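Chemist: Residue strings, one per chain:
Protein chains: 2
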Amino acid sequence: MIERLKIDLVESGRFGRNPLCTVERYDQLDPKKGVTRPTGTAADKAVRDYAVARMKEAGLSVRIDRLGNIFARRAGVKTNTGTVMCGSHLDSVIDGGQFDGALGVFGAIEAIRRLNDEGYQNARPIEVVVFTGEEGSAFGMTLLGSSALVGKIGVDEALSLENEQGKALEESLKEIDYLGDSIEDLRGVDYFIELHVEQGPILYDEGIPVGIVENISGISWINAIIRGQANHAGTTPMPMRRDALVAASEIVRFVNSRASEMAARPGASTVGTVGKFNVFPNGTNIIPGRVEMGIDIRDVVQHDMDLVRNEVIKAIRSIPQKYNIEVEVSTPISHSPTPLSRKVVASIKDAAGELGIPARIMNSGAGHDAQNMAAKVNTGMIFVPGVNGVSHSPMEWTEWDDIERSVRVLTQTLKNLSQQG
Amino acid sequence: MIERLKIDLVESGRFGRNPLCTVERYDQLDPKKGVTRPTGTAADKAVRDYAVARMKEAGLSVRIDRLGNIFARRAGVKTNTGTVMCGSHLDSVIDGGQFDGALGVFGAIEAIRRLNDEGYQNARPIEVVVFTGEEGSAFGMTLLGSSALVGKIGVDEALSLENEQGKALEESLKEIDYLGDSIEDLRGVDYFIELHVEQGPILYDEGIPVGIVENISGISWINAIIRGQANHAGTTPMPMRRDALVAASEIVRFVNSRASEMAARPGASTVGTVGKFNVFPNGTNIIPGRVEMGIDIRDVVQHDMDLVRNEVIKAIRSIPQKYNIEVEVSTPISHSPTPLSRKVVASIKDAAGELGIPARIMNSGAGHDAQNMAAKVNTGMIFVPGVNGVSHSPMEWTEWDDIERSVRVLTQTLKNLSQQG
Chain A
1 MIERLKIDLV
11 ESGRFGRNPL
21 CTVERYDQLD
31 PKKGVTRPTG
41 TAADKAVRDY
51 AVARMKEAGL
61 SVRIDRLGNI
71 FARRAGVKTN
81 TGTVMCGSHL
91 DSVIDGGQFD
101 GALGVFGAIE
111 AIRRLNDEGY
121 QNARPIEVVV
131 FTGEEGSAFG
141 MTLLGSSALV
151 GKIGVDEALS
161 LENEQGKALE
171 ESLKEIDYLG
181 DSIEDLRGVD
191 YFIELHVEQG
201 PILYDEGIPV
211 GIVENISGIS
221 WINAIIRGQA
231 NHAGTTPMPM
241 RRDALVAASE
251 IVRFVNSRAS
261 EMAARPGAST
271 VGTVGKFNVF
281 PNGTNIIPGR
291 VEMGIDIRDV
301 VQHDMDLVRN
311 EVIKAIRSIP
321 QKYNIEVEVS
331 TPISHSPTPL
341 SRKVVASIKD
351 AAGELGIPAR
361 IMNSGAGHDA
371 QNMAAKVNTG
381 MIFVPGVNGV
391 SHSPMEWTEW
401 DDIERSVRVL
411 TQTLKNLSQQ
421 G
Chain B
1 MIERLKIDLV
11 ESGRFGRNPL
21 CTVERYDQLD
31 PKKGVTRPTG
41 TAADKAVRDY
51 AVARMKEAGL
61 SVRIDRLGNI
71 FARRAGVKTN
81 TGTVMCGSHL
91 DSVIDGGQFD
101 GALGVFGAIE
111 AIRRLNDEGY
121 QNARPIEVVV
131 FTGEEGSAFG
141 MTLLGSSALV
151 GKIGVDEALS
161 LENEQGKALE
171 ESLKEIDYLG
181 DSIEDLRGVD
191 YFIELHVEQG
201 PILYDEGIPV
211 GIVENISGIS
221 WINAIIRGQA
231 NHAGTTPMPM
241 RRDALVAASE
251 IVRFVNSRAS
261 EMAARPGAST
271 VGTVGKFNVF
281 PNGTNIIPGR
291 VEMGIDIRDV
301 VQHDMDLVRN
311 EVIKAIRSIP
321 QKYNIEVEVS
331 TPISHSPTPL
341 SRKVVASIKD
351 AAGELGIPAR
361 IMNSGAGHDA
371 QNMAAKVNTG
381 MIFVPGVNGV
391 SHSPMEWTEW
401 DDIERSVRVL
411 TQTLKNLSQQ
421 G
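Those protein sequences? They're chains A and B, same order as listed. According to the numbering used here, the residues represented by the first sequence are 1 to 421, in order. According to the numbering used here, the residues represented by the second sequence are 1 to 421, in order.
Don't read these hints as lab results, they were simulated from the structure. All of these numbers come straight from a predicted model, not from anything done at the bench. Be a bit skeptical, because a hint or two may be false.
Covered by chain A, according to a simulated footprint, are these stretches of chain B (three or more residues, beta-carbon under 8 angstroms) [stated by the list, open to error]:
1. 238-245
2. 267-273
Now the in silico label distances, taken between C-beta atoms and shown as ranges [said to hold, decoys possible]:
3. ARG360/A - VAL329/B: 38 to 44 angstroms
4. ILE333/A - GLY154/B: 58 to 64 angstroms
5. ALA315/B - ALA53/A: 55 to 61 angstroms
6. LYS167/A - ALA42/B: 43 to 49 angstroms
7. ARG342/B - GLU326/A: 43 to 49 angstroms
8. GLY267/A - ASN310/B: 42 to 48 angstroms
9. SER334/B - VAL10/A: 51 to 57 angstroms
10. GLU326/A - ASN310/B: 34 to 40 angstroms
Each residue gets a CB set at the ideal place from its N, CA and C atoms; glycine is no exception.
Just chain A, same shape as in the assembly (with noise of 0.2 angstroms):
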């Protein structure tokens, strides 16, 4: 059964692969030819025209909101109970991988198919839900789809963002002929579970087959610039020095420590980490006169990660004193934690338990759609491991057997959540 999904996965992931082409294995995956999925661009509407296709097949009710995100609907036995969701999203970055996003998607409808092979009757409705724009690459909101459907975003402002080219969303979605008229307010809904490569090393490090998230991680962005004086490197003596450089250097290594030792105590899930750094005027003889950082801070406990935060703001505040330099700081982004449904995570610990699929419970370090359904629904996520834990880049790869399982994982949890209640 796995060779259905699997032709659903190369086939979808031949979508926004230029020149197009088709990668079974690992060993066909080509650093120069990723997957370019933007939201409202052809490959856009190439790959949902396939879902929504496949959707049809499986006997699924179709229907699209305002916001392009799509609901295929298998009704259930019991017509007062709430749905249960599942899904994720089929747009990628800028040269991403065929499985982040596509694997929920299609896993999904996969699980459907399955159910129909079984002829199984389920009590709660069952949903498959396709999210628009979770990667932000075309309208640089991410979570776009979601965010508008629980409300975090109202529909009109997230229909009037406009791509790089100045398009809005609504004159995108149109184009594609994905500007649907359904209402959504979820109020009908009681479970939602996303299954999503891990997008981290951990799984496949230890080997392990299955992930069930229990928390999401909150995100703190603090950016940085630290302002000394450019000039000679040779005829500036090093006590009369104001060097940017010198003191950025000490924050990049208290970021890495101080995450270091939060994350070395049991169970805990803090990074913190100098992504951006640019060093002006940044020639060899020339002392760094301004440097300018991104900061990102993630942990699962809002408590810790405000205390990293607030630390590296302390530390990077300190620099004036120590170094004669001037710094300036702000946070552009901020997100809690989100801790998952408990009801959900031992729901699918049941499922891979009755399976005998080895699973462990884990965090998430990315964001997912899963984090703003959460905030209205009970909501877990299934991981699979990828290869070496790449992700979002032409060389993201998992391997099909570790696919099938979690989607029998998948299948079984949506039979067991069908049921309850």
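Use these hints to put chain B onto chain A, whose structure you have.
Modeler: Then chain B, alone, in the frame of chain A:
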């Protein structure tokens, strides 16, 4: 008498400013209107023509060699003694200031004019020299004209160097009418003195109008590439990272602290700088996978420069064990320190003493044509303070009073040396 020199420096400072403008005072400096006068440009021709006209007005006989170096001679009373030469360069960096180089040329011409005014009879011949292409802003190699003059590079090799437009130096010099035919071998030259802006903060900081250079620093460049693994900043646990920026930051701090320690020894001139620093892929939420660094180490003592360089290379090579990272090291530039002539240093010191002008012995952390000349001729340098120590910048400035003092010291030194032997 300063008015005459001021006119020359202000007029010559117009060439290469865009738009052409006149800067007579510090408060007229504009960070967007620097002097840009690479070798072979129209601005280079204009400033050379201006200087040659002044040389001829001062009664000097002008000759030009194959590198475009200009020599202007005032005959001496004796015919069997070596020449006293003084001068500097007229080319500039991109967006430099009006005194770097030009002061040494027009200051020397002014010194000759003062000898003329006095009816002074020099025993030795005195020559003013203008070296071609000191800054390397057109043909890549710095100290170009003086390198060919002292035989560090062959004349034909130098003439075949190409600028960014692919035009050879020979062709460029021909176009501006400065491809001469004079054969110069320095065998008839006994002394060389270069008057130049300090390009550092020491004199300005200490309020001393004249610096007497004892040594020109040697320079060692180290290029290092630190290769880790780019990865998702949210999903890669701290212990599983191979963060190139964290590793590179340790090198930045090592270079700074080791050079600072060495510089703290009495009389030491050690400097160490990481000036070039590029981080890849350079996104806030991506662990840096690669850092490329350019390191500059200088000292007037060869042993100390080599010591710091070797320790830095050792520190870089120790990174792999510590951080599970790969490194590449190369050493593109290494020039030995140049001690200047004790005799000329003493002569400048005597001149300043006779005039009652405060002066201090110091080292030069920047390279100058004088370091080439020192290989063949007894060489000295006179420094003037730059406001805030700024150079290679549109904000470079030297106060007229300091210029006057330095020219008086230069004139007196020329007198003293021209009577020697």
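Chemist: Determine for every hint whether it applies to the structure shown.
Modeler: Status of each hint after checking the structure:
| no. | hint | verdict |
| --- | --- | --- |
| 1 | 238-245 | holds (count 5) |
| 2 | 267-273 | holds (count 5) |
| 3 | ARG360/A - VAL329/B: 38 to 44 angstroms | holds, 42 angstroms |
| 4 | ILE333/A - GLY154/B: 58 to 64 angstroms | holds, 59 angstroms |
| 5 | ALA315/B - ALA53/A: 55 to 61 angstroms | holds, 60 angstroms |
| 6 | LYS167/A - ALA42/B: 43 to 49 angstroms | holds, 47 angstroms |
| 7 | ARG342/B - GLU326/A: 43 to 49 angstroms | holds, 44 angstroms |
| 8 | GLY267/A - ASN310/B: 42 to 48 angstroms | holds, 45 angstroms |
| 9 | SER334/B - VAL10/A: 51 to 57 angstroms | holds, 55 angstroms |
| 10 | GLU326/A - ASN310/B: 34 to 40 angstroms | holds, 35 angstroms |
The structure meets every hint from the earlier list without exception.
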